[in-house]
Amino acid sequence: MSQHTINSKEQIEQITLKIITSYRHLSEEEMDWIALLQDIQDQFRYLPPDGLKLCARELNVPLSQLYSIATFYTCFSLAPRGKTEIQVCMGTACHIRGAEPILDKILQQLALNPGETSPDLEYSLETVNCVGACARGPLVIINSNYYGNLTMGQVENLLSKTRDINGEGKNG
Amino acid sequence: MSWNDQQLIYISVEGKKISGFAGENLLEVINREGFEVPYLCHHPGLPAYGACRLCTIQIQTNGKTSLVASCTYPLREEELEVFPHTEEVWELRQMIIKLLLAQSPKAEIIQNLARQYRVEMTAQPENESEFVAGTKTTEALQEHQEKCILCGRCVRACGKLLGNNAISFASRGINRHVTPPLAEPPEACTGCGACFHVCPTGAIKMQMENNSLKIEPWQAEVNLFTCPGCGKQHFPKKNIQEVHSRINIDYKPDHDFAEANSLAELCPACRRKHTLAQGLASKTITKGMENIL
Amino acid sequence: MVKLKTPQELENLRASLQKQLKYSAKTISICYGSSCKASGAEEVITAIKNELEKNNLETNLERIIKETGCHGFCEQGPLVLIKPQNIFYCRVKPEDASRIVKKSIIKNEIIADLLFQDPQNENIFTTEEEIPFYKKQTRLLMQHNSDIDPRRLEDYLAQGGYSALNKVLTQNTPEEILEKVKSSGLRGRGGAGFPTGQKWESCRQAESEIKYLICNADEGDPGCFQDASLVEGNPHQVLEGMILGAYAVGITTGYIYIRYEYPVAVRNFREAIEQARDYGLLGENILDSGFSFDVQVKRGGGAFVCGESSALIASLEGRPGEPRDKYVRNTKKGLWGKPTLLNNVKTLASVPLIVEKGSDWFRQFGTSSSPGTMIFSLTGKIKHTGLVEIPMGISMHSLIWDIGGGIRNDKPLKAVQTGGPSGGCIPAANIDLPLDYEHLSNAGSMLGSGGMIVMDENTCMVDVARYFLSFTQQESCGKCVPCREGGKHLLHTLNKITRGEGQITDLTLIREISEAMQKGALCNLGRQAPNPVLTTLHYFENEYHRHIMDQKCPAGVCRHLISFYISTEDCTGCGKCMDVCPEEAIRGEKREPHHILQGECNRCGICQEVCPENAISKG
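Residue numbers (the numbering used here), protein chains in the order written: chain A, 1 to 172; chain B, 173 to 465; chain C, 466 to 1084.
I should point out that these hints are in silico values taken from the structure, not numbers from a laboratory.
As the structure is a computational prediction, the values presented were derived from the model and not from experiment.
Possibly wrong hints are sitting among the right ones.
What the hints assert, rightly or not - Quick partial rundown of chain B residues pointing at chain A, CB under 10 angstroms, derived from the structure:
no., residue
1, Gly331
2, Gly335
3, Ala338
4, Ile339
5, Phe341
6, Ser343
7, Arg344
8, Thr351
9, Pro352
10, Ala355
11, Glu356
12, Pro357
13, Ala360
Stated by the list, open to error - Calculated Cβ distances over 10 angstroms to all of chain A for the following chain C residues:
no., residue
14, Cys539
15, Glu540
16, Lys558
17, Gly783
18, Arg784
19, Thr844
Cβ coordinates follow ideal geometry from the N, Cα and C atoms, glycine included.
Construct the entire structure; sequences and hints are all you get.
Okay, structure coming up:
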């Protein structure tokens, strides 16, 4: 894959419409707006505003309601996410064991703030609150792979390893 | 249910026995009797919300004393003693006003409350709040931020009351703000101006400009009707369409108007004149009464 | 799979499953909890599967390998148990797969170097039961976690599952179940400790055709994962508890609200629902009893505040998770305005045990006011991080030393934080405090959902308060002024103090704002948010003073208040620190003592970490 896929408006609407179909028959009480948006987010790894607008039109729900849901819950992102998602656990156990300096180091290395995506859509960085792996803290998750008991010294290696993998992906 | 069917509830406020109907909120009941409990997020025409906590009072029920927000506390069958202005309550309100003053120093209503409750301004923390990506900070937005206390009256008026849902809260915590969806000019806005009218701090601006009505900071712009009578501009078109659709009048702007349609097109002054002329013609109104109308 | 039509059919199936279990060969139970997964359990599972295939044992794959929920001893993961003997292998690597299959499965040998060795006294333990970490626990809720493949309902049946339900449907009225739960004294395990039976009764008495049951699995405390371990590891026990609750209260529709960060829990519970429906244990006319009940999984969206019941209900109704005032209880008016019973995972998971074994049996565990067991997430500066289930009322000391093995690196204990962001810090002096609702709340903390974070002298209490405040600030919904604005000022003040810019009057401000939040905030998130600050200020005021008056962080945590120094005596001039310093703040000639330019140094501490001579100190 030479380039992160960005879907066109038509593609977004087409895919979103498919997801909407399975929600259409639900009654007001059965309707689960959060699940609908989660399904769309799972599909694109973010919530495309065009998809959001389509949902509002097709399912006759105020766009403002969907927007308030999409900005309230942290599982949603209204901007595209990077190819590599880096999550730093900031749970209490990890904090006590020094997650903060680790996060600072990563912020510095990637020049990103938590919640941000690099302009080339290579990396997204976010902090998470406990993934239940407290015995391994401090802990960083890169594309669902866990890296535990991290020390400051290992961070640089870990990131450069990630960069290499990304680089290979690009060439191949 | 008629008036008479409603259950009357008696409560005691600072030893005075007062009454209200079951289901009414405590705030309105005690303020009706002149106890002057302050509030910001509440509005008699809107559903209760409980966000500003300024109307917190002390109550005693079942031998237990507690602090409750009076705007969301329903009157119901129970022994209730209310103390709207204890020292504890006063101190809590002072702190709330202090916090609001730091948040919205330019809101006049807060400044007045601060004077009334003898509160001085505390240092303002550096602004750690950032709006979500995609929001452009305009001058209008900045001015709005300095006054908005996030009481949500506008959101409830637009959504729960009128069903337009052109604006809503977005984000959470210190990033919470009121905005049209996606921070784009709101399609759903009819220009009714309810948000402007219910805002307690003047954080919303509404003005007529050229052919349109503008509401800021929503970036809302709706066209105005030109009165067929006098040629002046009055109501927002969308607003009239909305009203028509709700009272089930088939609205066709480009056709011959039915009586009701054309009436609605007139500005209030011309409508009065029109009604008068009709009345005179049908002799239901006699000459001399026209001054009264 | 055949739909079970009568209670007798269920018992017949169970008997045949138990017979199978009795005569089946060995099984390998591999912990697939989040910590073990983070330690590489997935690779171990793959390696063992490959090894079984190599040895032509793959026909029995499903029978031999069980991917189970959390076994609890997270520190030693990945964990592998050889059943039925319960031989306990820890820190297993994929390379060990071949030995495990050849020696422990095909033959009857024990691999000594994979067994657990207590670092304290070098004792080696063969089976799980012998290890002090397990031996001193009382596992009721987590009892079957290592016996059950959570994706197989049959495994739960074989361990006696759904027998409570079966009994109830044939022998008991809903009132009898309600009475049983009431007399058991079970209290809400979500934190507040409200008597469960009383809640059920109130919901039962509410007049409405439609009522809802919600299981709260939105475990948001950062440092807690016990609800996940049950939903992931033994979903049917939770489901059975839900069905029993619904039967007792008279409810036909249930929801379980699971945190989206727990994908395995979501998957396992969805499958559990499907299987239970297929077997006729859920849905219309359960086991021909005339009672119908069904459950749906709802995924949370990532908001701690949704652990609060009214916010959770708002979220279930498809809105942002904003709490509302609860002057009218959920049991009268909850989801969609209908009476709603909302219970925590651990509360509901206790119900089948109480119904099956009786309230007297349940009351023999724990104390008279807090009966039963509680699961704690034991984390932080503790030797044995993991999930621990103990009877209520055991002392904190016993939990930390007898089960947790003591403090890491044998440092002195400084404080224990319980109850997560809503709880408080209890100092080492109070270490004999019994762990139950009342004692913890009298100490200014709370039992909460069972988080227990152990802190040593290298933990700064001001920093801990700041950490929790920044968490609750991020997670505040922002609706009410005391929480949103009060929390903002509180955090701002704490930030100032940790930067050495605090003033002594700030402590008064902290107390005033905290009081307003406790009294005025809308929901418990806001009301309890000041707890970490107030308890640390109460027990460790001196540490605040040191930050403010001397601009020093005694624990060496607050970065603005520490400096790094290179000892000229110990430094060999190897240059390692110079290579890694991101600010190029270290100077010195090769093989000559180096020094740090304090003005350039950003106090990241990486130099101290890499120094082979331990020549760099913090002060």
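Now the hints, each set against the structure:
Taken as an interface hint, B/Gly331 checks out: its beta carbon lies about 7 angstroms from the nearest beta carbon of chain A, inside 10 angstroms. Satisfaction of the interface hint for B/Gly335 is found here, the shortest Cβ-Cβ separation to chain A being roughly 9 angstroms, below the 10 angstroms cut-off. Here the hint on B/Ala338 is kept, as its CB sits about 7 angstroms from the closest CB of chain A, short of 10 angstroms. With a cut of 10 angstroms, the hint placing B/Ile339 at the interface with chain A holds, because the nearest CB-to-CB distance is about 6 angstroms.
Interface hint status for B/Phe341: upheld, as the beta-carbon distance to the closest one in chain A is roughly 5 angstroms, under 10 angstroms. Because the smallest distance between the Cβ of B/Ser343 and any Cβ of chain A comes to about 5 angstroms, under 10 angstroms, the interface hint for this residue holds. Annotation: interface hint on B/Arg344 holds; nearest CB of chain A at approximately 5 angstroms, less than 10 angstroms. The closest approach between the C-beta of B/Thr351 and any C-beta of chain A is roughly 8 angstroms, which is under the 10 angstroms cut-off, so the hint is satisfied.
Interface restraint check: B/Pro352 against chain A, minimum CB-CB distance 7 angstroms, threshold 10 angstroms, status holds. At a threshold of 10 angstroms, the smallest CB-CB gap from B/Ala355 to chain A is about 9 angstroms, leaving the interface hint in force. A distance limit of 10 angstroms between C-beta atoms decides the matter here; for B/Glu356 the minimum to chain A is near 9 angstroms, and the interface restraint holds. Hint status for B/Pro357: violated, given a least beta-carbon distance of 12 angstroms to chain A, over 10 angstroms.
At a threshold of 10 angstroms, the smallest CB-CB gap from B/Ala360 to chain A is about 7 angstroms, leaving the interface hint in force. At roughly 4 angstroms, the least C-beta separation between C/Cys539 and chain A is not larger than 10 angstroms, which violates its mark as non-interface. Under the 10 angstroms C-beta cut-off, the non-interface status given to C/Glu540 relative to chain A is violated; the minimum distance is some 5 angstroms. At the 10 angstroms boundary, the C-beta of C/Lys558 stays outside the reach of chain A, the nearest C-beta of that chain being 14 angstroms off.
Look at C/Gly783: its CB is around 4 angstroms from the nearest CB on chain A, not clear of 10 angstroms, so calling it non-interface is violated. For C/Arg784, the requirement that its beta carbon stay farther than 10 angstroms from each beta carbon of chain A is not met, with the minimum near 7 angstroms. Its closest Cβ contact with chain A, about 4 angstroms, brings C/Thr844 to no more than 10 angstroms, contrary to its assignment away from the interface.
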